[in-house]
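Q: I would like the entire structure built from these sequences, with the hints used as guidance.
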Amino acid sequence: MISLLPPQIEEDIRAEEANPLNASRARMVLEAALSTQLRTLADGLLADMILRGQQVEGTWLQHFLSDSPAGRPDASFLAERAKRFAADVVQRRIRPIEPSHLAALDLRIFGGYVKLWEDCRINSQLRRLGSGFRLALVGGNGLTVNSLRRSLGQTGGLPVDARFIFGPTEYTGSWLLGPIFNFITEVSVSPYLDVNGACFNFENKIVIRQPILRLLFGEVSRLQLATSQIHEMSHVSGFRAPHFGSYAQATWEEDTSYDLCRLVEEPRQLGEVEREMFMNFGNWVPENANEKLGYEHFPPLPKKLVDLVDSLCDKGWIRRLEDGRIEALLWKEGRRWWP
Amino acid sequence: MSDEGSQASMLPQLLRSIDEAQKLLARRDYKSAREALLPGVLEALDDKNRDFLDEVAVRLLGPALHMLGTCDFELEGPDEAREAFELGLGLAVSLQDELLTASFLHELSLVAYKQGNLDEALRFCKESIEKAIDNAFVEIGQGLTPGYIDFDLNQLGVNLNQLAVLYQETGKFDQALDILTIVRAHCERVYNLELLGGVLNELGMTCFALGRYSEGVRYFLESIKIKAKQGQNSAAIAKSTLNLQVCLANYPEALRSEDVSQSLKEYRP
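Which chain is which? The protein sequence lines are U and X, in order.
Counting from 1, one number per residue, gives the positions in the first sequence under the numbering used here.
Counting from 1001, one number per residue, gives the positions in the second sequence under the numbering used here.
Everything labelled a hint here was simulated from the structure, so no lab data went into it.
The C-beta atom is built at its ideal place from N, Cα and C for all residues, glycine as well.
Hints are supplied without guarantee of correctness; some may be wrong.
Unchecked claim - A few chain X residues facing chain U, derived, Cβ under 10 Å:
no.	residue
1	Glu1020
2	Tyr1113
3	Leu1160
4	Cys1187
5	Glu1266
To be verified - Heads up, simulated SDA-like pairs for lysine to any residue below, C-alpha to C-alpha not over 25 Å straight-line:
no.	chain 1	residue 1	chain 2	residue 2
6	X	Lys1265	U	Ser311
7	U	Lys332	X	Ser1214
8	U	Lys304	U	Gln269
A: Set out below in C-alpha cells:
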C-alpha cells in the first residue's frame, strides 16, 4: 500500500468519524486531507519528471500557481520556488512517484482508504458532505484496468495517463450529459497536464480551469465561462461510448440535488438558484432543439427545478423560509452525516 | 450433401437459423430457439461438410453454438450445455477470436459453477477475464481513442462479478473484495446502475464475511436504494434485503455495533 497521509490528518479524520455530528467541520477535514495527499502526489510526480530529465519549464507555473499571490507569478517567485523544490527532492522531503505507481496509490477518506481510481467515490463523499472540491482524474479507466491486471496476477499494463486536477469548483457541477468540473482554483494539479489547456473534456466530463483562463485573459466573466462550457459541451455531445449508460438517468438528480443544497447553505431565493444553476437544468437548450436537429441529441430533463425543490423539501434536505428563500438543512450542526 | 450445391446452401441456412433464434431468445423461448438452431448447426458440424465451410460460415458457427449452449443450459441443465460450449471454445481458439474465446470461457465457468466444480469455474472465469483484457490491449495498440478502452466493459463487469462470487464461494474474501472494488469503480464511471446494484450486494456479503459489518450494512442499503431507484423488479430488491437479513442473523455481533444500528435506523429508501 502506498499512502500519502501525514499522521496528524489521520487523527483529524478519526476524530470526525468518532463524532459525526458536525458536517462543516468534517468537510474541512476531508478537503484538507485530500488536498495534502494530492499535493504530495503532484510533488512526487514532478520530482520523478525532473529526476528522469523531462522538460518541466511550463510546469512550474501551474504547479505553484495556487501558492502565488494574486495574478501571474513573476519569474523570481517561480525561480525561488523551483530552487526550494529541488532542495526538497535532494533532501528526500519530496519523494518521487512514478506514474506506473498510481494504480496502487491509496487515499484516505472517511471510512478508510480508497484507490486513486475510485475518483467517483471520492467525489461522491465530497459532494455528500457539501464540499465544492472535486477530483478530475483523466486516466481513471486505464488505472482501473491496470489494477485489475495486478489482481489477476498479470504483468505489464496500459500506459498511464497521470493527468488530474483537485480543487474547489463552481456550483454548476453537472449538465444533462455529464459532470462539469469548473475549477475556481487548483489546489493540486498533475505536472502531466498541459499548462496551455484552459478547458478540455474527457469521456463525458468537462473541465474548466479558471486559473489558466485568468492567466490568459486577466479577469474571467460569467459569459466567458459559459461560452467555454458550451464549447466543451459540444465535444461531449458527440461522445457516444457504446458501454456508457445515461448520465441524465443515472446520477444527474443526485449530483444536482447536492449542488443545490450547497448553493442554499446560505439561504437564497428560487430565482437566484435558477440563475446560478442554469447549466444544470438545461434552460439554455431550446425546447424544440431535438426536433430541429432531427435526432435525440439532448435527453429529457429528469426534473424541473421547482419539482426538485419540492422533493428535497419532502426529504428534509432543504426548507422554504417565510420570505420565500430556500435554506439547506442537510449539513446543520447536530445532524448525523456518517455513516 | 457433399456436392457444390450443399456448400452454397449452408451459409444462408445458418444465417436464417441464427436470425430466428435471436428473436426467439429475446422472448426467452429457448425450446423454439433450440429447434431453429439445431439443424443448421448439426449440418455445419457434420464431418462430410467440413471442406465446404468457408470462413464466414465458420465465424457464424461460433455465435450459433453460443446460443445453442444457452438454450441447452436453460432447458436441460449444465451437463447438456457443456458440450456446445466446449465445441464453441475449440472453434473460437482455432479462429484466434479472443472475445469469442472469452465469452465461451465465461459460459463454461457458469456451467462448472452449476455442476459444483468451483475450482474449474474459477479457472475458466479468470481465463475469460484475462482474454477480455488482452483484447482491450490489442485494440488500444491499434490506436483507438486514448483514455477510453473500447471493449465490452459491461460484459467484463459481469464476468468480474462472477469471479468475485467464485472467490466468495471458495473463501477467498480478500480477493473478492479487490475485484468487487474494481467493478464498483467501473460501474460508477460508466453509469451502469443495474450492475452496480448487484455489485454492492456482493460487497455487502464479502464485508460481512470479513467481519467489516458496518461497511457491509452500508453496501446492502446502498444496493437496495439503487435497485429501487432503477425500478428493478422486486425479486432483485428482495435479494439484497434477504441477504442483509441472513447476514445479520448469521453474525449477531454485527448488531452490537453502533454504526450498524445507526445505519439501519436512519435508512430512508
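Q: Are the hints correct? Go through all of them and say.
A: These are the hints, each one checked on the structure:
1. Hint status for Glu1020 of chain X: violated, given a least beta-carbon distance of 26 Å to chain U, over 10 Å.
2. The restraint placing Tyr1113 of chain X at the interface with chain U is violated, with a minimum CB-CB distance near 18 Å, outside the 10 Å limit.
3. The closest approach between the C-beta of Leu1160 of chain X and any C-beta of chain U is roughly 7 Å, which is under the 10 Å cut-off, so the hint is satisfied.
4. The criterion of a C-beta within 10 Å of any C-beta in chain U is met by Cys1187 of chain X, whose closest approach is roughly 9 Å, and the hint holds.
5. At its closest, the beta carbon of Glu1266 of chain X sits 7 Å from a beta carbon of chain U; the interface hint therefore holds under the 10 Å criterion.
6. Taken as a hint, the Lys1265 of chain X and Ser311 of chain U pair is honoured in the structure, with Cα atoms around 21 Å apart against an allowance of 25 Å.
7. For the given pair, Lys332 of chain U sits about 24 Å from Ser1214 of chain X by alpha-carbon distance, which is consistent with the 25 Å threshold.
8. Between Lys304 of chain U and Gln269 of chain U the CA atoms are separated by roughly 16 Å; this keeps the pair inside 25 Å, and the hint holds.
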